[in-house]
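Q: This is what each chain is made of:
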Amino acid sequence: MNRAKPIRRKLDIKNGRVELSHGSGGRAMAQLINDIFHAAFDNDWLRSNNDQASLDALPGRLVMTTDGYVVSPLFFPGGDIGSLSVHGTINDIAMGGATPKYLSASFIIEEGFPFADLERIAQSMGEASRAAGVPIVTGDTKVVERGKADGVFISTAGVGVLPEEISLSSDKARPGDAVLVSGSMGDHGVAIMSRRENLQFDVEILSDSAPLHGLVADMIAAAGGSLRVMRDPTRGGLAAALNEIALQSDVGFAIEEALIPVKPQVAAACEFLGLDPLYVANEGKLVAICEAQAAETLLAAMRAHPLGKNASMIGHVVEDENNFVEMKTGFGGGRIVDWLSGEQLPRIC
Amino acid sequence: MKYVDEYRDPALAKGLAAAIAAEAEAGRTYRFMEFCGGHTHAISRYGVEDMLPANVRMIHGPGCPVCVLPVGRIDDAIRLAARPDVTLCTYADLMRVPASNGASLLKARAAGADIRMVYSTLDALRIARSEPRREVVFFAIGFETTTPPTALAVRQAKAEGCANFSVFCNHVLTPVAMRAILAGEEEGVPPLDGIVGPAHVSTVIGSRPYEFVATEYHKPVVISGFEPLDVMQSILMLVHQLNQNRCEIENQYARAVVPQGNARALEAIAEVFELRDSFEWRGLGAVAKSALRLRDAFAAFDAERRFEIETKAAADNPACECGAILRGAKRPMDCKLFGTLCTPETPMGSCMVSSEGSCAAHYAYGRFRDRARTQKEGVLQ
Chain A
1 MNRAKPIRRK
11 LDIKNGRVEL
21 SHGSGGRAMA
31 QLINDIFHAA
41 FDNDWLRSNN
51 DQASLDALPG
61 RLVMTTDGYV
71 VSPLFFPGGD
81 IGSLSVHGTI
91 NDIAMGGATP
101 KYLSASFIIE
111 EGFPFADLER
121 IAQSMGEASR
131 AAGVPIVTGD
141 TKVVERGKAD
151 GVFISTAGVG
161 VLPEEISLSS
171 DKARPGDAVL
181 VSGSMGDHGV
191 AIMSRRENLQ
201 FDVEILSDSA
211 PLHGLVADMI
221 AAAGGSLRVM
231 RDPTRGGLAA
241 ALNEIALQSD
251 VGFAIEEALI
261 PVKPQVAAAC
271 EFLGLDPLYV
281 ANEGKLVAIC
291 EAQAAETLLA
301 AMRAHPLGKN
311 ASMIGHVVED
321 ENNFVEMKTG
331 FGGGRIVDWL
341 SGEQLPRIC
Chain B
1 MKYVDEYRDP
11 ALAKGLAAAI
21 AAEAEAGRTY
31 RFMEFCGGHT
41 HAISRYGVED
51 MLPANVRMIH
61 GPGCPVCVLP
71 VGRIDDAIRL
81 AARPDVTLCT
91 YADLMRVPAS
101 NGASLLKARA
111 AGADIRMVYS
121 TLDALRIARS
131 EPRREVVFFA
141 IGFETTTPPT
151 ALAVRQAKAE
161 GCANFSVFCN
171 HVLTPVAMRA
181 ILAGEEEGVP
191 PLDGIVGPAH
201 VSTVIGSRPY
211 EFVATEYHKP
221 VVISGFEPLD
231 VMQSILMLVH
241 QLNQNRCEIE
251 NQYARAVVPQ
261 GNARALEAIA
271 EVFELRDSFE
281 WRGLGAVAKS
291 ALRLRDAFAA
301 FDAERRFEIE
311 TKAAADNPAC
321 ECGAILRGAK
331 RPMDCKLFGT
341 LCTPETPMGS
351 CMVSSEGSCA
361 AHYAYGRFRD
371 RARTQKEGVL
381 Q
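Going down the list, the protein sequences come from chains A and B.
First residue of the first sequence: 1, per UniProt numbering; consecutive thereafter.
First residue of the second sequence: 1, per UniProt numbering; consecutive thereafter.
No lab work stands behind these hints, which were simulated from the structure alone.
A virtual CB, placed ideally from N, CA and C, is assigned to each residue, including glycine.
Check the hints yourself; a few may be wrong.
Said to hold, decoys possible - Simulated DEER-style distance windows between Cβ atoms:
{"hint": "1", "chain 1": "A", "residue 1": "ILE166", "chain 2": "B", "residue 2": "THR340", "range": "50 to 56 Å"}
{"hint": "2", "chain 1": "B", "residue 1": "ASN317", "chain 2": "A", "residue 2": "LEU273", "range": "28 to 34 Å"}
{"hint": "3", "chain 1": "A", "residue 1": "ILE13", "chain 2": "B", "residue 2": "LEU122", "range": "20 to 26 Å"}
{"hint": "4", "chain 1": "B", "residue 1": "GLU248", "chain 2": "A", "residue 2": "LYS172", "range": "55 to 61 Å"}
{"hint": "5", "chain 1": "A", "residue 1": "GLN293", "chain 2": "B", "residue 2": "ARG116", "range": "38 to 44 Å"}
{"hint": "6", "chain 1": "B", "residue 1": "ARG116", "chain 2": "A", "residue 2": "GLY16", "range": "43 to 49 Å"}
{"hint": "7", "chain 1": "A", "residue 1": "ARG196", "chain 2": "B", "residue 2": "ARG208", "range": "40 to 46 Å"}
{"hint": "8", "chain 1": "B", "residue 1": "ARG208", "chain 2": "A", "residue 2": "ASP171", "range": "45 to 51 Å"}
{"hint": "9", "chain 1": "A", "residue 1": "ARG174", "chain 2": "B", "residue 2": "GLU186", "range": "47 to 53 Å"}
What the hints assert, rightly or not - Partial list, computed: chain B residues near chain A (C-beta under 10 Å):
{"hint": "10", "residue": "GLU6"}
{"hint": "11", "residue": "PRO10"}
{"hint": "12", "residue": "ILE127"}
Said to hold, decoys possible - Keeping only pairs whose Cα atoms sit at most 30 Å apart, straight-line, the calculated DSS-like set for lysine-lysine is:
{"hint": "13", "chain 1": "A", "residue 1": "LYS142", "chain 2": "A", "residue 2": "LYS5"}
{"hint": "14", "chain 1": "A", "residue 1": "LYS328", "chain 2": "A", "residue 2": "LYS172"}
{"hint": "15", "chain 1": "A", "residue 1": "LYS328", "chain 2": "B", "residue 2": "LYS336"}
{"hint": "16", "chain 1": "B", "residue 1": "LYS107", "chain 2": "A", "residue 2": "LYS148"}
{"hint": "17", "chain 1": "A", "residue 1": "LYS309", "chain 2": "A", "residue 2": "LYS172"}
{"hint": "18", "chain 1": "A", "residue 1": "LYS328", "chain 2": "B", "residue 2": "LYS14"}
{"hint": "19", "chain 1": "A", "residue 1": "LYS10", "chain 2": "A", "residue 2": "LYS172"}
{"hint": "20", "chain 1": "A", "residue 1": "LYS328", "chain 2": "B", "residue 2": "LYS107"}
{"hint": "21", "chain 1": "B", "residue 1": "LYS14", "chain 2": "A", "residue 2": "LYS263"}
{"hint": "22", "chain 1": "B", "residue 1": "LYS2", "chain 2": "B", "residue 2": "LYS14"}
{"hint": "23", "chain 1": "A", "residue 1": "LYS328", "chain 2": "B", "residue 2": "LYS2"}
{"hint": "24", "chain 1": "B", "residue 1": "LYS2", "chain 2": "B", "residue 2": "LYS158"}
{"hint": "25", "chain 1": "B", "residue 1": "LYS336", "chain 2": "B", "residue 2": "LYS312"}
{"hint": "26", "chain 1": "A", "residue 1": "LYS328", "chain 2": "A", "residue 2": "LYS263"}
{"hint": "27", "chain 1": "A", "residue 1": "LYS101", "chain 2": "A", "residue 2": "LYS148"}
{"hint": "28", "chain 1": "B", "residue 1": "LYS2", "chain 2": "A", "residue 2": "LYS263"}
{"hint": "29", "chain 1": "A", "residue 1": "LYS309", "chain 2": "A", "residue 2": "LYS101"}
{"hint": "30", "chain 1": "A", "residue 1": "LYS148", "chain 2": "A", "residue 2": "LYS10"}
{"hint": "31", "chain 1": "B", "residue 1": "LYS312", "chain 2": "B", "residue 2": "LYS330"}
{"hint": "32", "chain 1": "B", "residue 1": "LYS2", "chain 2": "B", "residue 2": "LYS336"}
{"hint": "33", "chain 1": "B", "residue 1": "LYS107", "chain 2": "B", "residue 2": "LYS312"}
{"hint": "34", "chain 1": "A", "residue 1": "LYS101", "chain 2": "A", "residue 2": "LYS142"}
{"hint": "35", "chain 1": "A", "residue 1": "LYS172", "chain 2": "A", "residue 2": "LYS142"}
{"hint": "36", "chain 1": "B", "residue 1": "LYS2", "chain 2": "A", "residue 2": "LYS309"}
Chain B on its own, in the form it takes in the complex (with noise of 0.2 Å):
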């Protein structure tokens, strides 16, 4: 496969493989937060942890929208759906994400709410055109990569006049989720060395929000490819930056990310979209000027205002370590729900949904190397 294969090269990952492993120092370990939830899916699916070397660690990160959505937000989504006028118009990912009361939208579905998948922004405003009877929203989530699509969808309604189409939207801002991962880093817990950078979102805001990591945090950051390669050459100059006692933010990622990035989908997402002044994360819980709202010139668009949603807060279950695992704290196999309770047919909590989530991951991917996780343990502490 043109253009796919060269990524996925067996012999350079053995070259990188070996790469990492003379450039790690021996005696210091290196604990790297893939924040992207498509580098947690890439390092699980190729088996990337096993090409490195055991003081190398990978720590998953929050940026898998679905799984930094709070329970609330869920809710708020179903009791739409519920309505006889509406028609629900969602990303597949968000089907089975456990709201309250053991609800999601697939439960909702069956049950009889108008709730359909769809793959794009512009379907959803296809099925407004096509049915204009029918109040048709969107819900909308995801972090920069997906908010372009948004904007342009509200910018069509407007333009074309679509009275029946609105967007409940959810979209969050990686930097400031990044800004409070590393805040808030905690005691007892070794703090990050380094972070892998997201990809497709890079590919919108390019590189220079994230020079606050290298300024006030004096941690480096390696925007990455999602592809196995990409994400191992990524670990290799991270671990070149530390050794080197230098901490930068680099573009591994230069096939598709400029420092400045892409003017046009700014533009787009600065005339439709503001500032909230906080949003709830799951895992983070509630983040200041951390997500996004129509601006009041869109209003009519906007399912918050149309339907007057307000936000009830909903606690996740207790026992579920979803907080936790998405800050880096603990690894999924550290819940005591993990493959018990907590499994991709019956998911507690949102880090089980996506197949992008962490526990997701490591469960359909991973499992098998909790056997020998007590010799790498010791071998890492």
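In isolation and in its complexed conformation, chain A is listed as follows (with noise of 0.2 Å):
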């Protein structure tokens, strides 16, 4: 009897494409897994190859979150599908004043997509775990037929700890407190819009994708309980994140257009789109609402931090039964920054 144990052949990452076969809980399953993700998450957890994450008991209150990415196109500068499936988890956790600790990772594979993109996503998914310090220690993957999905759709879960102390949510932000923003907003959206209709800027936009919980740490040391509110304004940008802070907290804002950081290059190409960049996404950025005493300290732990050095503040919470984000405009009048109404669409003249 022949004991000699088959041959394994690598997988073709450059030539190959992901088949049925790759999501039907085979051999050729457990070869992706092994050598696209295991190779690019690397860690103690994973290398158990179980279906779950054996953690140690966590001090302080759980966080737990999780988030859907079907970004198009998958790749854009200065980011991709991949890190930003991390940072957005990551940024979740934190904007509740939590220390993310551990991540999960969920991937749907549509039949034909290229090993290639594939290595190049976990890669860039590993590299953001590893920088942000919160590994990736459990996931799944799913491969649908060809037209099911759009390349690859990717969930990320997270676990953070919450200190006892510490009491982060949207609707707390209370009359007179300042409004701070971390930095310029619309990169993102922009960064892909671009990318998405093919256009070409002199000046490339990057997105801003990045995990913003040591900036949250530097934050709460300097203002600890000062600190009313925390958002990412990720889909549907400033506009969607004030929106919805002040229809939780019953207030309104009054903010200044001209206090509110945005990058000329973005300006000009949301100029280009017919776009409003307060409305365009942000993956890098955040908005804190804290008692009026406490901004100034908290402008300059922000501004002290690398990914808050643009911080700014841009207004306050004001009292109105309509909960109205009103805005006094760069050119000098006023008006409301209201919900976005379905999508941002180009004007037609």
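Put the two chains together into one complex; each comes in its own frame, and the hints tell you how they fit.
A: The following block contains the structure:
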């Protein structure tokens, strides 16, 4: 009887593509997971090859979140769906004031997706998670028929810990509080749209995709209990974030357009595309609301961190039964910054 | 931003606001219609209204192509798109316009119709070339601004012999609509004192076609750019004219508009299109010689002939005041549906659909002013 093990061929990452068999639970799937995901994420939990990760008990309150990533295109200036799926989930945890500890990742891959792109995405995720100090400890892989997905969809879940003394929530904004943003608005959305519309700008606009838990830790150290709300202005941008907070806290906002940082190249691209940067997504910025007397201290702490160096105080919370976000325009007039209705659509003339 | 920031300079805006306030005579009210939705959008977005004295009032006009398209034509487009052989290409604004029975192109697409948003007529033509088995119909709407690109696409399709491309033509004419507004000034509604004239339209047709406004209706027109400083300067020019008892067609947008318009664009329009006898406008009703159709020479590219479209009139919601709002007879907040049943998420009328529609602009940018409305009305009356 021949007891020699079968020869294991390596995945042809350069030329190969994902087939249905890579999601079927057989050898092909094990090889895909091993050669691409485990290689990229590499840690003890994954090496144990179980369907779950066994984690030591964490101190404080647990925070958990999950998010799906369906971005198109998958690779964009300044990032890709992989790093985005790590940063986004870390940020969702960080916005509660918690320290992110572990991530899980679930992949839905379209039949025919190139191994090379999958490897590139997985390596980007691995790098992002190592840089952030938040390991991907468990995962899942599914393959769907061609046409049933758009390349690859990624869901990540995250677990973090929240110290007892921190209590941030979107219903805690109070009239008189200060409103701060950590940097320029609209970078991520414009980077995506510039690639999606195949537009060439003279200056490449990079996504701001970044993990914010380090910045948040510095902010909490500086302002502690004076911090009331933190929110990352992702889809719907700053406008959506402020409107959500206004509604949940039953307050209004008075903000000033001239104080809201927007990079000139982002403003120019928005002008060209007929978009308003206040509604465009960010993936590495946050909005913070704090007691007025702590605003300057908080602003200084934000500006001392690389991801908050362009932080700005943009206005304050007001009483308003209509929950309007009112803005003094850069031009000198006034307007509401309302919820976005549907998608931002280009105008016809 | 070069060539943009210059037109949004707050210091210049302050100076213009002071000049308008100084020029506007106390005890006199100035009612100006900004014809174009683009101006409405700029006025709302930059808060121009806040910088005008209480006796200078802006009336939003019908110059939004989406807003003036009647329900029946959207119904036609939805029926066309429902055909299994048809791909309907449309500008994005049209997707959410309410049609009969709560339908819209967006809902039709969700139900399986092949409807694609395009940025230009040439995108639609490109789809026709790449998918020769599909009947690709371009849903053409707009004033004179968007008419030349449609003409060029039709001309190009004919030159190439592109047999699966056609245009559902809904292009309408600005001067005719302006005349309909002025001729129909309603009893009880104070007449307009002047018009902030269209900018992009005028880059095509020039300033001459508005001369009848001065000669027949004795009102000034200032053709204005779309930047907020353009609009404020145009308002100042209108106030000047009125104070000097002049009524002329002046051109604030001299950086792009010449009296005779763009000869090549006008030639393309004339080659491809001819006047319709009558066309229904939402808010204005049937207006004679107010819209275009394809000439017989281009009949093969006319979707109305190719698919034998016969538009049936369809009524708006009876409580919807879009018609009166488009004519300047009412304001968005005068409509019972505004902000309650009719919102940008659930538009009942067309003025709430397009970002250039006066209701949508007021809802998105200006609702906070309604709080102070009573106080301001007191000043006006």
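Q: If a hint holds in the structure, say so; if it does not, say that too.
A: So, going through the hints one by one against the coordinates:
no.	hint	in the structure
1	A/ILE166 x B/THR340: 50 to 56 Å	41 Å, violated
2	B/ASN317 x A/LEU273: 28 to 34 Å	33 Å, holds
3	A/ILE13 x B/LEU122: 20 to 26 Å	40 Å, violated
4	B/GLU248 x A/LYS172: 55 to 61 Å	59 Å, holds
5	A/GLN293 x B/ARG116: 38 to 44 Å	54 Å, violated
6	B/ARG116 x A/GLY16: 43 to 49 Å	33 Å, violated
7	A/ARG196 x B/ARG208: 40 to 46 Å	42 Å, holds
8	B/ARG208 x A/ASP171: 45 to 51 Å	60 Å, violated
9	A/ARG174 x B/GLU186: 47 to 53 Å	49 Å, holds
10	GLU6	12 Å, violated
11	PRO10	4 Å, holds
12	ILE127	16 Å, violated
13	A/LYS142 x A/LYS5	28 Å, holds
14	A/LYS328 x A/LYS172	24 Å, holds
15	A/LYS328 x B/LYS336	29 Å, holds
16	B/LYS107 x A/LYS148	21 Å, holds
17	A/LYS309 x A/LYS172	26 Å, holds
18	A/LYS328 x B/LYS14	14 Å, holds
19	A/LYS10 x A/LYS172	54 Å, violated
20	A/LYS328 x B/LYS107	37 Å, violated
21	B/LYS14 x A/LYS263	25 Å, holds
22	B/LYS2 x B/LYS14	21 Å, holds
23	A/LYS328 x B/LYS2	23 Å, holds
24	B/LYS2 x B/LYS158	40 Å, violated
25	B/LYS336 x B/LYS312	27 Å, holds
26	A/LYS328 x A/LYS263	19 Å, holds
27	A/LYS101 x A/LYS148	33 Å, violated
28	B/LYS2 x A/LYS263	14 Å, holds
29	A/LYS309 x A/LYS101	25 Å, holds
30	A/LYS148 x A/LYS10	27 Å, holds
31	B/LYS312 x B/LYS330	27 Å, holds
32	B/LYS2 x B/LYS336	43 Å, violated
33	B/LYS107 x B/LYS312	20 Å, holds
34	A/LYS101 x A/LYS142	25 Å, holds
35	A/LYS172 x A/LYS142	40 Å, violated
36	B/LYS2 x A/LYS309	26 Å, holds
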